[in-house]
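Taken in sequence, the protein lines are chains X and B.
All residue numbers for the first sequence refer to the working numbering, where the first residue is 1162 and numbers rise by one.
All residue numbers for the second sequence refer to the working numbering, where the first residue is 1162 and numbers rise by one.
Misleading hints may appear alongside valid ones.
Copies of the same chain are indistinguishable here, so a pair counts whether it falls within one copy or spans any two.
Claimed, not checked - Derived EDC-like pairs (lysine to aspartate or glutamate); straight-line CA-CA distance at most 20 Å:
#	residue 1	residue 2
1	1246	1461
2	1475	1248
3	1392	1372
4	1246	1441
5	1296	1428
No wet-lab data here; the hints were simulated from the structure.
From a predicted model like this one, the values you see are computed outputs, not experimental measurements.
Number of protein chains: 2
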Amino acid sequence: MRLFSLIVVLVLTTGTAFSDPLPSWNADEAKARILAFVDAVTDPKSEDYVTPAERIAVFDNDGTLWAEKPVYFQLLYALDRLKQKAEADPSILTSDTLKAAAAGDLEKVAESGEDGLLEIVMVSHSGLTVDEFQKDVAEWLETARHPTKQMAYTDMTYQPMLELLRHLRDNGFTTYIVSGGGLHFMRAFAEEAYGIPPEQVIGSTGKTRYEVVDGVPTILKDPGIAFVDDKAGKPVAIDSRIGRLPIFVGGNSDGDFQMLEWATSAEGPRLGVLVHHTDDQREWAYDRDSHVGKLERGLEEGPGRGWILIDMAKDWNRVWSGAAN
Amino acid sequence: MRLFSLIVVLVLTTGTAFSDPLPSWNADEAKARILAFVDAVTDPKSEDYVTPAERIAVFDNDGTLWAEKPVYFQLLYALDRLKQKAEADPSILTSDTLKAAAAGDLEKVAESGEDGLLEIVMVSHSGLTVDEFQKDVAEWLETARHPTKQMAYTDMTYQPMLELLRHLRDNGFTTYIVSGGGLHFMRAFAEEAYGIPPEQVIGSTGKTRYEVVDGVPTILKDPGIAFVDDKAGKPVAIDSRIGRLPIFVGGNSDGDFQMLEWATSAEGPRLGVLVHHTDDQREWAYDRDSHVGKLERGLEEGPGRGWILIDMAKDWNRVWSGAAN
């Protein structure tokens, strides 16, 4: 009998361990609703069945798939590179924002708002080929460490969201990033970090140009913005890039409001989820008053629209993908 | 013996019929090189082997996948719709080009060049939602007939190119359209006509806008151009949308030169093909002096760059996908 019991326990334990696709999610309503949604749209006998081609899932990046505090990680990269560039040629610092950025004054940078951030990113990112830029980002990510957590940035992706991405793909979904972050910046790590290939990364874009340089055809990054993939820009980008209405949308801020609104207003089974940053122990706690990842309208209207507010402190038993948890 | 011979003949005949993926291509050099390329990149033992994820094939549309004479079919749609709109409100005809277009004066329209065409397209295509627009294009394609061939436009896709697209996909390629034609115009028929889903259609784009109209989230087509996907714009769009260098590129005009140049200059196995319109019996014969599909630089430099010039009259035993051949 004792041997029999042991076998039963082993089978049950192993069975549970193998069959839970979201082990970093606590067994509560958020997890249950997500799993039920995926089950429904993949069950050919369900009235909510959706063909694989239409199983489009889109996710914001900053604050949804990885952290975004104290500021967007791309901005920290930009500040590093701007500083280097300004040391070689101080004349590139043509505004107070750029001067503050090169001096590492994060507070003043934050005050400059979205326009200031874009200015910094554009000045620091231009003048390279796309290949050179992506290589430089990848190198930076290998050595740079978060200013307070001291972690590698790619260890600051959220383990529960990695599990969710994988679970969706295992069930025939195509997973896209739709982020205000830079397209080429995100491509430098998205495939390794998230399993999301370059053609499924949608982001803000700087101007680029095709030119044959010394006999070599090249895509060059120019100064200037081509497209800002935020707020009402997100539905526009999804239409332009994918041409299908997503059935699963993940975000964390009011910059994601329109894409959740657009996708979940349509007929058929659709799910919107918002990561609510409630965990000032393991991560950060912020919403309405944050200068990055501000979440106000989503908090107020989300539940009424059927969106899931993911309570990070309560719903996740593990936060970081990296070892330091 | 006679029975045995018959069986051998049957087996050989059936074998050939089933095993030729490009039956509308005559057995000559163009066909042999295309088949050899696909064999090489898909054979794991070949030194030219390419992983499925990197098997990206891109094709121009007008003049490459379907015909483009006497003018781009999208322009014929635009003229139809402009005429309708102008009957309801003549004040929209704010330029000589638009007046000529509404009067059906194709010659004057052609003289207005690329800028004129874009003006006509933008005025005639704006003011609808993307959904309404794509539905309208699909309806037009069902009833409209080509001015001289009297064929449905979707019957004027090239059967040999449909076979090539299918052969590539059967061998793990992802096939994209990369065309100067309008993104939403092409999406209205690309999946049915070519088996190319919306997320693999890349084209020129007009401005669009997200707005909640009477409570319904909507993507609206505005006047104005967002991006022209032609010439040096094609590599830029491929980088932005796909983020991988294609290994197979098909085009037919100098508008495709840069994307062939970019893709085939890089290391590794890569193939560029140009459809050369040499068939004034079944289709049309034109190259250097044509106002649509002008092919000059490609003719001169293509062979030296290893590109295949597909001689439509000689290489194809069938042209149209539609019944009338």
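Hints violated by the structure (numbers, ascending)
1, 2 and 4
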